[in-house]
Amino acid sequence: MVQFVARRIAFLIPTVLGVAFLVFLLLHLVPGDPVRVMAGADVSERAVQELRTKLGLNRPLLVQFGYYLLGLLHGDMGTSLRFDDTVTSLVLARFPATLELAAVSLGLSLAAGIPLGVVAAFRVRSVWDAACTTVSLLGAAVPVFWLGILLAYLFGVVLKWLPITGRGGPLWTAAGWAHIVLPAVSLAVTQLAFTTRLVRDRMVEVLGMDYVRSARAKGLSEARVIYHHSLKNAMILIVANTGLQLGYLLGGSVLTETVFVWPGMGRLAVQAISGRDFPVVQGVTLAFAASFVLINMLVDMCYMWLDPRLRYA
Amino acid sequence: MREFWERFRKNRQGVAGLVLVGLLFAVAAAAPVLSRWRPDAMDLVLQYQPPSWHHLLGTDEFGRDVLTRIFYGARVVIGVALPATALALGLGVTLGLTAGLNGGMVEQVLMRVIDVLLAFPSLVLAIGLVAAAGPSLVNIILVIGVTRAPTYGRLIHGMVLSLRHLEFVDAARATGATMFRIGARHILPNVVSPLLVYSSLTVGASILTISGLSFLGIGVQPPAADWGVMLTRGREYLMVAPWIPFFPGLAIFLTVMGFNLLGDGLRDALDPRLKLMA
Amino acid sequence: MIRVIALVCLVAVSVAGPPVRVGAAEPGGTLRVALTSDVVKLDPHRANDCFSTYVFDEIFDTLVALDDHLNFVPHVAESWQASPDGTVWTFKIRKGITFSDGSPLTAKDVAFSFHRILDVPEAVSGKLSKVNMIAAVDLVDDSTVRFRLKRPYAPFLGAARQHIVPQAVVERMGDEAFNRAPVGSGPFRLRAWRKGEQVTLVRNDRFWLKKPNLDSVVFRPIEDGTSRTLALLAGEVDMVDSLLPQMIDRVRGGGFTVIIKPNLFYQYLGFRQYAPPYTNVKFRVMVQQAIDVDRLVATVYGRGGTRAYSPVEPGLWPRDEAAWKAATPKYDPARAKALFEELIKDGVMTKDTPIVVHVSQNTDTQKIGEIVVTSLKQIGVNATLKVSEWTAFLDNVINSKDGEIYTLGTSPAQPDPDAVYAWLFATASNNGGNILGLKAVDNKAVDDLIARAAATTDRRLREQLYTRINETVIFNQRYHVPLVYPNQIVGLSAKVHDPVPMPICGSWMVTGQHNTWMSR
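Chains as they are written, first to last, in our numbering: chain Z, 1 to 313; chain B, 1 to 278; chain C, 1 to 520.
Source of the hints: derived by calculation from the structure; they are not laboratory data.
Any given hint could be a false lead.
[Said to hold, decoys possible] In the DSS-like style, the derived pairs of lysine-lysine whose C-alpha atoms are separated by at most 30 Å in a straight line are:
1. Lys377/C <-> Lys345/C
2. Lys367/C <-> Lys54/Z
3. Lys337/C <-> Lys261/C
4. Lys439/C <-> Lys54/Z
5. Lys160/Z <-> Lys495/C
6. Lys367/C <-> Lys401/C
7. Lys210/C <-> Lys282/C
Let's have the full structure, built from the sequences with the hints guiding it.
This is the structure:
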């Protein structure tokens, strides 16, 4: 296990470095001078040049990247070009909101997807199966921002049941929960089909296996069969895929965050790109990438712990 | 093949998906025949007409016929989502095959590249790429292709790993077959069905991505009759002229649903025990 | 919201205010405001964006202020005097004003504030280009400040409308810390600021003019127009800075107030003077006659805009709508087509010459672009639409030398025609010289007229000169096709009373005439 973790961490570093370099390169290809945006349209080109020199943005790309990496080593992600604030503090202020939204969405999609998958698997190739898989597919066929707008209109404006903008507070408060419901639901629905499919297919497979058939033949209760043999088996697969799913939810929250004015990193990234606040874009991208890699590492560790066979693979 | 078709036919969802996808192609091909308007013909006097016999799905803020624009929008879907999926498939398969068959250093490097692309938040990548290269159809195809490729790369790599020590591959290698030949002759035929299934799902997901890019203002650019553009622009009319966003939204829904059902149907028909790949 | 290229806070004309409720104002309450974009800086001398102005206008006082009718009125300065030649301006500073930390505001702070704008590099100072006619700031005594100008400058009061900061506090804290925790003498002071998310202001009980009714004001950015409207309808904000025009009736029908307020804002189609056929006057007339501008305005802006015939917005002078209208070529596609054929015959362009219409990525400007391209195609011109993300657009039109048609919205930095013409048509300005490309053509006559008009204080003479400039650039050269004066459409909940009709960047809660309050 120790060896495994060490190896994963060794992989983590080149991955994060690669992401850092890629985003650096990408941003320097983007037209629209950040310094011009800072200075304003009525400032002369000469003055813009001076400021560029002062910020070190006129140095060769690789030199700038070198300085950036040097800063990273000291835990310094740079300073925002728009706000007088460090990138680290801006990212840290937004990170919990994004993580919270992703986690609650994941929870919701599992809570709905697992039962749908179980029902579909037990009545495989029946009307029930068709109904469950189709229902799960509905959400995956609607653009997430459109679903968000419709939910906001229905529950916020027409029924006035739920708040539709912003974060209400931490999740242990009622306001916190009320505010997260709509964004989390609209994001969760996009993942529902994935979970349902995963559970259904795995369970169909397991239920067809000899030991489950014999368990059933022995007269074990249906509930026991579901739980002990097939669902547990399917859960391992779900855990294995949680990392990818969380990664998707983290990155995919950009649109949901915009619709529901959620103060997360996705919206920060959009604001930063349109304001050409390159250090913030770099910081957000790195934060996304690092959490993706870390979560996947943790997931793989859980996976190994759940399925001992893999430890020696 | 026949057996496959027999199995597929019994799957009602799959057949429904096939019908929806077929409809998309039919509408795209027959757009000029189906409508007497041009998709970009403005009539600034006839704005916001609700659905009527004259304009079956109403008109938009420029007095353009919504139904006509939906018909022509099918062409954009086919012209962007399909090539984007093909590109993702091509890139991913190349990466995955090369990594899996070569092993060693090449494999390590390529798999790290795939890791980097997977870890990169895809919408940030998309926004950046489009901002860098401008929002043209080709760039949108590139963006979706590049962001979806690593998933294919991983998929293929995994399959190659499970195949590469099998006898028939060893045998081929022993006869001095080139990498390319082994890949094309021996590996690909074994992975065609999962790729087909996954591609169908990717087309659906790409259609959603295109509309998401439109929402951020970096998708297909107006005045092109694109469903994503129609929906994002139309959302501003949700409370005053709901037909403007509703029907493009419905078109997207049905099409994505079609590709997803088709993908599911194919999966069940090709291999009832096929595991879900992601 | 229309992207604003003039980056300082502007001023507006108050015409259509909401009905003021008769009865006593109830003190207390929190006003929640949704803005189209996020608040970037609260240091008024370093900010150069519109939305920050909304917030720091409440925290700081300006040397002079504007009333509802765009007249300059005493504020921190209780009186002023200009020398006969217009080069020396002396301001008497009001006694008894204190900053929110309790320290008194004196002439020293006024002089310091102007030095803070003048004595830093152009790109760091957010306001330098607005006050660069100042040669020296003299502290005469504790309550008198004198400005000596490099040249006579009639509209100086506009330039003098800068925010006053406390010298002692700024020097103690330094620029960066002051931006995070600004101290001013305005009606509110900063309570909390979560960057990019929310700014909370609370009442400044030391405010010298009157006691503000509101306890606090919260500003939040809601970038998406639909979300902004939904937030107002759901009761999660009490005021939004801009609504979509098509939502006016729906919002009013829901029991909300909508103020449609004329702005000093002008949207036009420009021809970048770098290459033929854009340099050809006949070509420009052809474009104008190919477009049904009235329909374009109605389609894109609805009731949110008024057709424009000149860059001078309503509320400014000199205006002569009737004459302008008469001099504007009518929509006439047949005539445009004939002109197109003449242009081909003259060898200016061919049937296939690609004509680029470049717009920024904003719903309104894109719609304008779509209509222009469609109109040009209808007369047979090979027109294409080029859309760039706003920042890339700005970068491109300032630095490239591409001949093309573009559309931009602009606001004068102060309510004076000099701010309109110097920005739009002087070769020395970024907009006139680079964006419109006047540095590529002979523009000396216009430059001279603009300089002469700013140098005299004789209002009659200035009117004459500006009329001549307008004739030259709009009706002879036709550098622009004037399109529209977009209005600002402000949405308010029925609980909000006596709001100050907002200038385009900035909303004042408490002024000499107004004091916003909320009913329970």
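* Kindly indicate which numbered hints from before are broken by the structure, ordering the numbers from low to high. => 2, 3, 7
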